[in-house]
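Trainee: From first to last, the protein sequence lines stand for chains A and B. Residue numbers for the first sequence, in the numbering used here: 160 to 488. Residue numbers for the second sequence, in the numbering used here: 160 to 488.
Calculated directly from the structure, the hints in this document are not laboratory data. Positions of the beta carbon are idealized from the N, C-alpha and C atoms, including for glycine. Among these hints, one or two may not hold up.
Here are the computed distance ranges between Cβ atoms for each label pair [stated by the list, open to error]:
hint : chain 1 : residue 1 : chain 2 : residue 2 : range
1    : A       : Ala477    : B       : Gly415    : 27 to 35 Å
2    : A       : Gly269    : B       : Pro323    : 39 to 47 Å
3    : A       : Glu204    : B       : Gly340    : 35 to 43 Å
4    : B       : Lys484    : A       : Arg357    : 30 to 38 Å
5    : B       : Ser194    : A       : Asp282    : 37 to 45 Å
There are 2 protein chains.
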Amino acid sequence: MTARHHVLAIGNALVDVITTTTPEFLGDHGIAKGSMRLIPSEEAESLYAAMGPAREISGGSAANTVAGMAALGARPAFVGRVADDQLGRVFAHDIRAAGVDFTTAPSTEGNSTGRCLILVTPDGDRTMNTYLGACQELSEADLDADAVAGAEILYLEGYLWDPPAPRAAMKKAIAVARAHGRKVAFTLSDVFCVEGYRADFQELLASHVDLVFGNEHEVCALYQTKSLDEAMAEIARHACTAVITRSAAGAIVLEGGRRHVIAAEPAARVLDTTGAGDLFAGGFMAAMTQGRSLPDCARVGCIAAAEVISHYGARPEADLKALIKAKLG
Amino acid sequence: MTARHHVLAIGNALVDVITTTTPEFLGDHGIAKGSMRLIPSEEAESLYAAMGPAREISGGSAANTVAGMAALGARPAFVGRVADDQLGRVFAHDIRAAGVDFTTAPSTEGNSTGRCLILVTPDGDRTMNTYLGACQELSEADLDADAVAGAEILYLEGYLWDPPAPRAAMKKAIAVARAHGRKVAFTLSDVFCVEGYRADFQELLASHVDLVFGNEHEVCALYQTKSLDEAMAEIARHACTAVITRSAAGAIVLEGGRRHVIAAEPAARVLDTTGAGDLFAGGFMAAMTQGRSLPDCARVGCIAAAEVISHYGARPEADLKALIKAKLG
Numbered sequence: 160m161t162a163r164h165h166v167l168a169i170g171n172a173l174v175d176v177i178t179t180t181t182p183e184f185l186g187d188h189g190i191a192k193g194s195m196r197l198i199p200s201e202e203a204e205s206l207y208a209a210m211g212p213a214r215e216i217s218g219g220s221a222a223n224t225v226a227g228m229a230a231l232g233a234r235p236a237f238v239g240r241v242a243d244d245q246l247g248r249v250f251a252h253d254i255r256a257a258g259v260d261f262t263t264a265p266s267t268e269g270n271s272t273g274r275c276l277i278l279v280t281p282d283g284d285r286t287m288n289t290y291l292g293a294c295q296e297l298s299e300a301d302l303d304a305d306a307v308a309g310a311e312i313l314y315l316e317g318y319l320w321d322p323p324a325p326r327a328a329m330k331k332a333i334a335v336a337r338a339h340g341r342k343v344a345f346t347l348s349d350v351f352c353v354e355g356y357r358a359d360f361q362e363l364l365a366s367h368v369d370l371v372f373g374n375e376h377e378v379c380a381l382y383q384t385k386s387l388d389e390a391m392a393e394i395a396r397h398a399c400t401a402v403i404t405r406s407a408a409g410a411i412v413l414e415g416g417r418r419h420v421i422a423a424e425p426a427a428r429v430l431d432t433t434g435a436g437d438l439f440a441g442g443f444m445a446a447m448t449q450g451r452s453l454p455d456c457a458r459v460g461c462i463a464a465a466e467v468i469s470h471y472g473a474r475p476e477a478d479l480k481a482l483i484k485a486k487l488g
Numbered sequence: 160m161t162a163r164h165h166v167l168a169i170g171n172a173l174v175d176v177i178t179t180t181t182p183e184f185l186g187d188h189g190i191a192k193g194s195m196r197l198i199p200s201e202e203a204e205s206l207y208a209a210m211g212p213a214r215e216i217s218g219g220s221a222a223n224t225v226a227g228m229a230a231l232g233a234r235p236a237f238v239g240r241v242a243d244d245q246l247g248r249v250f251a252h253d254i255r256a257a258g259v260d261f262t263t264a265p266s267t268e269g270n271s272t273g274r275c276l277i278l279v280t281p282d283g284d285r286t287m288n289t290y291l292g293a294c295q296e297l298s299e300a301d302l303d304a305d306a307v308a309g310a311e312i313l314y315l316e317g318y319l320w321d322p323p324a325p326r327a328a329m330k331k332a333i334a335v336a337r338a339h340g341r342k343v344a345f346t347l348s349d350v351f352c353v354e355g356y357r358a359d360f361q362e363l364l365a366s367h368v369d370l371v372f373g374n375e376h377e378v379c380a381l382y383q384t385k386s387l388d389e390a391m392a393e394i395a396r397h398a399c400t401a402v403i404t405r406s407a408a409g410a411i412v413l414e415g416g417r418r419h420v421i422a423a424e425p426a427a428r429v430l431d432t433t434g435a436g437d438l439f440a441g442g443f444m445a446a447m448t449q450g451r452s453l454p455d456c457a458r459v460g461c462i463a464a465a466e467v468i469s470h471y472g473a474r475p476e477a478d479l480k481a482l483i484k485a486k487l488g
């Protein structure tokens, strides 16, 4: 069967609310710089009231990844839950306008559309405060098994492993994808996700996942070591391909005993690092579906990541296809 | 009585929905490049569905002006109507976080919060498609006469002269301001406003307005001439101070028979010209309240305008105060 989509991603459907701030503001509010944390509705309100004027741009980790893939010519689908409200319509508009199939029905009761309050410091570092809202109401019933079976790659966001209903949906999707011989890709998302679900994530990598993305901190946290070499030795014991991002130090791809080290793409400027990892994964998988070599997949990932950190917002703004063509042919 | 606010502005409370596009898209949708037009709810929906991924940033002409004034250290108030919905909360958050007093109650029934679909072409030119929504429900009842009486300048947006209820509110505000010896400032806003309300606008300038802002096209339209010299001769017959903006050609200030010509501030880059006129007016009036000379007021206006066209969105992002200090002391 020909794949209907190159990738079907399951993730959080969030609108980013982005403002610039100072390290002092973070300190005053007891927020660790560079971290991501989940906040309840009341804290989302009080932090929003305290923060500066903002811009709203659609986000969500896996959603950013597939928006990047669409910009590179792939055919992606996205599954995630928004509410039937203005921010939900903003999310749905933006992801569809980016060229991604998005058909998950919005919820008509319960929580409002999730949002991520992103505080960007002058060094470009982002601190994320996520109110999940409707995201956590995604359930197995929202999955179209035929769509999962018909997608070349199933891509899962580690952030969404926390709420039980979406986790069950992801487990079901994994079973469907594997039954149809599809690839399963997974992103570790964040150190706090890894620490909360270490056993689950280790088991996923050992038994269910063909391709895993994580940064060096997440991979080290997964195996409770401070040594990236030790963590790489552990992750390499699994059959899956592991892609480890290292910010300005580029990326490492581990595959069947081989190790490819790829330099980062120099960024024109670093304004807001939000989405760097998401766009890396998007570039990597888009290149995979075009049959590029693993080192070239990582190079495409690095180019996509360099574009997204040069402006506010975690979705591509430049013509990614033209950028890749100019650099890699 | 000491002024409670340096300026009290009455205008449209809009959230801008900004996307990049091509001249071909505008042509295909029969939209004149560089124009501003009002669109009904259904067209707002269909145009939004057709346009690309967007970012939402609070806008509204007079609202942008007072946000710029607050960034320059003035104490402004804003009067305008949003609905009690997510975009209304975004507007209220952003203008308050910018340092502007905003207390107009949101409407709990009727239209949703107004928005402006802004299509930016690669030359930085913006084409605006405005759904006024709740904006038009502003009425005399929303005016706090004490606040109007206590503000140094009453600033009115020509765009809002069209719907009858806000027009009545503006007329009442003018009467209150004049009764208390306050200055009344007015922006012509757009050629289509001037053409729709030429007699009203001429009468306002002749009898009720101390300071008027307009670009060369609006001023020419006001007196139905193609000659800027002729239009300037007409406008100079009124007692009020007239400030005419000319994009890259800078600005001209006409006052009591004198004419000051001010060069534009070179912009670092021109990404999105939305808000250039709004921020010019904001810089001008902020400088006035600091007692600067009229030519220096226009210089501050040019610097504020140059900042806002260097990025997407019509609210300042850089530290305007520091910019002005570096350039004018």
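Trainee: For each hint, tell me whether it holds in the structure or not.
Mentor: Here is what the structure says about each hint:
Between alanine 477 of chain A and glycine 415 of chain B the C-beta distance comes to about 51 Å, which lies outside the given range of 27 to 35 Å. A C-beta distance of roughly 40 Å is found between glycine 269 of chain A and proline 323 of chain B, which places it inside the suggested range of 39 to 47 Å. Taken as a hint, the range 35 to 43 Å holds for the pair glutamate 204 of chain A and glycine 340 of chain B, whose Cβ atoms sit roughly 42 Å apart. Distance hint check: the CB atoms of lysine 484 of chain B and arginine 357 of chain A are about 53 Å apart, inconsistent with the given range 30 to 38 Å.
With their beta carbons about 41 Å apart, serine 194 of chain B and aspartate 282 of chain A fall inside the hinted range of 37 to 45 Å.
When held up to the earlier numbered hints, the structure conflicts with 1 and 4 and fits the remainder.
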